[in-house]
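> This is what each chain is made of:
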Amino acid sequence: MVRVVISNSIRFLLLMATQVFLLKNIGYYNLSVPYLYILFILVLPFGIPNTLLFLLAFFTGLTIDFYYDSLGLNAAACTIMAFVRIIFINLTVQRDGFDNEPEPSLGIMGFQWFIFYAFILTFSHHFILFTFENFKFSEFGYTLIRILMSTLFTVSLMLITEFAFFQKKLR
Amino acid sequence: MRNLWLFIGKYNAFFLLIIFFTISLILLVKHNSFQRARVWNSSNQLVGQSYEQVNEINSYLKLGKINDSLAAENAKLRNQLATSFSSDSIKQVAVRDTTLKQQYTYTVARVINNSVHQKNNYLTINRGSKHGISKGMGVTSAKGIVGIVLNVNENFSTIRSLLHSETKVSANVNGSIGSLVWGEGNYDPRFAYLKDIQSHLSIKKGNRVVTSEFSMFPEGTAIGYVAATRTREGDNSLDIKIKLNTDFATLEYVYVINNILSAQQLSLEAQNKIE
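Chains as they are written, first to last, in our numbering: chain R, 1 to 171; chain A, 1001 to 1275.
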């Protein structure tokens, strides 16, 4: 339990630092912007209570918002993503039979499941993020392209990260 | 109450979503000037659009009134046209434009009954003796002549349309005067025939046809233009087909012309008959 908290805290700090100090300056113009920090919410353990998940998602988003000067924007997107995560995991994963509080990571869940999971969650996050950033229905086509391009960017960064810290575990 | 708590506990993810999402949105709108401006703007836009739409409907409902007022204004303006005035002084006197006196007045009327497909066509208008209409007055539309007032009662008048076998209007084409008729094998409401024009005169397609000074219309009122000419067999006059300016099928507003001097003219001419 303590190990899980510590490892997640370290992951949180690392992802935040990467996001704020490195990825904030990276992007293909305005069209494709990576938001890798949401990987933290993606790989939180399966057994986490909903309340804690929402709190963590909200405050993760809020922390990013402080750096991005967009108070509430990332928080909203992360909250939606947390909800999508709960639904997705309820639908695709058998809840019982977890030992050792495993995480929905690439090594544990397998490539196919993880890429699907990452894509759906990233898309929901980016969808809320970009539409609320734009905050109008005009230019919706452009916003949609931004969402898709950014989703591809973020998901590929997630896969690279997951492969870099690959841990083969048996489920 | 317990059931409510159970319900909320069972679907806690959804309620948590609503709570946190609302908090985020409040933060977003409160602390970001762009989003705040957008919220106000779009609500203003929504209100503005609904007002605009209601306005549009309102103006549509008022169209009838606006039409009437515009037609009345037209009649007023026609009263001031130069062709509505006649010279009152003797022609030899050099100064005559300053002494113009009104000869024609126009009364606007709405066509309430109309026919174009009969052999003899009549119109009914919503003006009568109460409005100063009397028998024999000329009627025009904005584009050209329409007909002659036939019968009048207090509130309505019937008009013998130009599309009537007995209507004859003295018309002028290129300075030569003929008689405009309709019927006699031509029942197309778009065309009429001009008779009694000598065949040696050069009348070309497209020439303007206007009323002559012998008609009850002001001299020079538009009728139409020459569509085709044809020499008549065994006669030295031309048959001139005229495309009428007035579209009789869609007549809405007409103007009744009152020739103020016609009474004097008629009484004088009546004396000739007695003698």
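The hints are simulated quantities; they were obtained by calculation from the structure and are not laboratory data. Even glycine gets a Cβ: it sits at the ideal position worked out from N, Cα and C. Misleading hints may appear alongside valid ones.
[To be verified] So, partial list: chain R residues that the calculated Cβ filter (under 8 Å) puts toward chain A:
(1) 11
(2) 29
(3) 46
(4) 48
(5) 50
(6) 58
(7) 68
(8) 72
(9) 76
(10) 79
(11) 80
(12) 86
(13) 131
(14) 132
(15) 138
[Claimed, not checked] Now the stretches of chain A that chain R is said to cover, found in silico as 3 or more residues with beta-carbon under 8 Å:
(16) 1026-1037
(17) 1243-1255
> All hints are to be evaluated individually against the structure, with a verdict given for each.
Here is how each hint holds up against the structure:
1. Restraint check, residue 11 of chain R versus chain A: the minimum CB separation of about 21 Å is more than 8 Å; hint violated.
2. Among the interface hints, the one on residue 29 of chain R is violated; its C-beta lies about 19 Å from the nearest C-beta in chain A, farther than the 8 Å criterion.
3. Given the 8 Å rule on beta carbons, the hint for residue 46 of chain R is violated: about 14 Å separates it from the nearest Cβ of chain A.
4. Annotation: interface hint on residue 48 of chain R violated; nearest CB of chain A at approximately 12 Å, more than 8 Å.
5. Annotation: interface hint on residue 50 of chain R holds; nearest CB of chain A at approximately 5 Å, less than 8 Å.
6. Here the hint on residue 58 of chain R is kept, as its CB sits about 5 Å from the closest CB of chain A, short of 8 Å.
7. Checking residue 68 of chain R against chain A: minimum C-beta separation of about 11 Å lies over 8 Å; hint violated.
8. For residue 72 of chain R, the interface hint holds, since its Cβ comes within 8 Å of a Cβ in chain A; the closest pair sits about 3 Å apart.
9. Among the interface hints, the one on residue 76 of chain R holds; its C-beta lies about 3 Å from the nearest C-beta in chain A, closer than the 8 Å criterion.
10. Evaluation of the residue 79 of chain R hint against chain A yields a held restraint, the C-beta minimum of about 4 Å falling below 8 Å.
11. For residue 80 of chain R, the interface hint holds, since its Cβ comes within 8 Å of a Cβ in chain A; the closest pair sits about 7 Å apart.
12. Annotation: residue 86 of chain R was flagged as interfacial toward chain A, and the flag holds, the nearest CB pair being 5 Å apart, inside 8 Å.
13. Annotation: residue 131 of chain R was flagged as interfacial toward chain A, and the flag is violated, the nearest CB pair being 11 Å apart, outside 8 Å.
14. Interface restraint check: residue 132 of chain R against chain A, minimum CB-CB distance 7 Å, threshold 8 Å, status holds.
15. Given hint, residue 138 of chain R at the interface with chain A, is violated; its Cβ is 11 Å from that chain's nearest Cβ, farther than 8 Å.
16. Requiring three or more residues with a Cβ within less than 8 Å of a Cβ of chain R, the coverage given for the segment 1026-1037 of chain A holds, as 9 such residues are present.
17. Under the rule that three or more residues need a Cβ within less than 8 Å of chain R, the assignment of the segment 1243-1255 of chain A is violated, with 0 such residues.
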